[in-house]
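*Asks:* Each chain, letter by letter, is given below.
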Amino acid sequence: MTANHDATNVELVQLVTPAGERTHDAASEPYRARAAALGTQEIRAFYRDMTLVRRFDTEATSLQRQGELGLWPQCLGQEAAQVGSGRALAPQDVVFPSYREHGVAHTRGMDLAQILQLFRGVDHGGWDPAEHNFHLYTLVIGSHTLHATGYAMGVQRDGLVGTGDPARDTAVVTYFGDGATSQGDVNEALVFAAVNQAPLVLFCQNNQWAISEPNSRQFRVPVARRGEGFGVPGVRVDGNDVLASWAVAQEALERARSGGGPTLVEAYTYRMGAHTTSDDPTRYRSRAEEQYWRDRDPLTRIEALLKAEDGWDETWARDLADEADALGEHVRTACRAMPAPAAASMFEHVYATDNAVVEADRAWFADYEQNFEEAR
Amino acid sequence: MTTTHPPTAQATGTRTLTLAKAINLGLRQALADDDKTLLMGEDIGPLGGVFRVTDGLQAEFGEQRVVDTPLAESGIVGTAIGLALRGYRPVCEIQFDGFVFPAFDQITTQLAKMHYRSRGKLTLPVVIRIPYGGGIGAIEHHSESPEALFAHTPGLRVVTCANPADAYWMIQDAIASPDPVLFFEPKGRYWDKAEVDLDHRPGAAQGTLDRAVVVRPGTDLTLVAYGPTVHTALAVAQSAAEEGRSIEVIDLRSISPLDTATVVESVRRTGRCVVVHEAPTYFGAGAEVAARVTEECFYSLEAPVLRVGGFHTPYPVSKIEHDYLPGLDRVLDAVDRAFGF
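The listed protein sequences correspond, in order, to chains W and V. According to this note's numbering, the residues represented by the first sequence are 21 to 396, in order. According to this note's numbering, the residues represented by the second sequence are -8 to 332, in order.
The following block holds chain W by itself, in its conformation from the complex:
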């Protein structure tokens, strides 16, 4: 258990303790003023985001158990890292997520029910990436970090870095996990981002587990320190502290937009649920470890902070619970209403242009189907 909790040789940026108390030290000092500027309303907004995301995630897990989804990757426990970094984004910033970034999708204003299409087996994507500057989920580990890097190189060529205009300067952020750091593509993304000084934030949620493999099977050097070898500044933030996650992401995004180049953020967090609904964590991790992290739940610490700072209000909390219930109802209804596409839709959009091979297959399939119609 200690191997997973060992923050060897790297400082952790934390602004709120697990008990909900403000804290600071040398590592968090550069970020303290940012968080101090947040009022009760902003902190409540973070709490609201995390509550809604958790409710959505729980609802989706239930839908999988009821047979409505083929699979569900929970983001349970990672709400602070996702909401904090997502709320640091400017509207023009562009996100390249992995497949667990439901919390980031929420901060982009997406209808979270859209995400379920992929996991219900009715669509490989499910949304228009341009609508919320939120790219499609990528299932192959780490591949999308290169797409984000190339996209950021395009942003540079468009002249949208370092203009000084906050409405135009654009950053790109890509999300990936601790397991992904072993992939060649993630390392190549760091190389390309560094040599091009691309406006990119590489946001690693180190949730301690790559399915069943702990950090010790992925690296000997903490993720945050790996940036240095590429010439990319790295920082480890308490990914269960939404204020710290927000402040660290904000600083990294500002650096990217201003032309300061890429940053590697390691959000130190925990996958409280299973890898997916097909996984069984009881085979590889202890109850004691899970309890250690339950005591560091990102929601309870902000609840405690709000209560300590007189920001908690029972009416507001009840309204939020009602809002979460309404979201759950919406997601459940929307999911069950998602129809399977027509079989012939498999021939659509293979190419952007006419393709004789696809057309021949499509025609054959139509004839084949027609035979059954005629036999009736």
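No lab work stands behind these hints, which were simulated from the structure alone. Don't be surprised by glycine CBs; every beta carbon is placed ideally from N, CA and C. Relax, there's no trap hidden among the hints.
Footprint (simulated), chain W over chain V, 3 or more residues, beta carbon under 8 Å: (1) 58 to 65; (2) 71 to 80; (3) 103 to 117; (4) 159 to 170; (5) 248 to 256.
On the provided structure of chain W, position chain V as indicated by the hints.
*Replies:* What follows is chain V alone, placed relative to chain W:
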């Protein structure tokens, strides 16, 4: 970041060009036509690429548009995908055929599928240029023909040029295509010369990404080739003509999609078909041609469709590569066998 350059003096007129220079001028034209077009690859800047195909282009269009990349093929294609998503038209150079495999995942899993999985919302106008084929006395990994691996992947177009005129037009067509294109360049024929009219596209250069072309008409046997083996096929047809056999030679140009109609129309007339390529015949492009011709020309065939190509071995050492490659004699042998049925 944008660097300004003086207006480009366009290449015009009819010129005698090597195939390599024809691609160079096609790339130059594409860069001049659309400032979203970018070239990316290893050593393509001041060096002009190891085959000099991009010679002079960085000096003319700047480092932001002709980009020397880190030495990482997956990174080249992966970042090209990102640039395409941002509205650019990247043209990646893979230095040699055998070096494309680090990018195989990005090409087959990401590039080929993104249009499909976005239900048409995203288009990926990315070209991947790959010098391919053998016969140049190279060391290991520098002489391979991996086209079938990509043709087997839905979502990709796979094309190859066989002469300078096609090379000039095809590379521009590939760059203009909204679909990802694997553009295979027959490196053994880079220095073949021919006259190219840079201003007027000949009839044969229409539809280069979809259509095969009959490069020599004939009546007795259809010889299907592409890329480096078109030259061989034409020599075979010339040699067979001296023995009184009339061979029709088809240059496929596109491996995916296959222009089955042109091949079938020919075989129905000739009754015989031989397919020749440098890649191993086992599960190769020739197998697909043979299957489709057999299905559609069954009652016209005088002989089974025969294939000539590489063996089911890794590409051998260069001292014996001419025993591996489908040269004149081995193709003539297949022609003889086809007439023997």
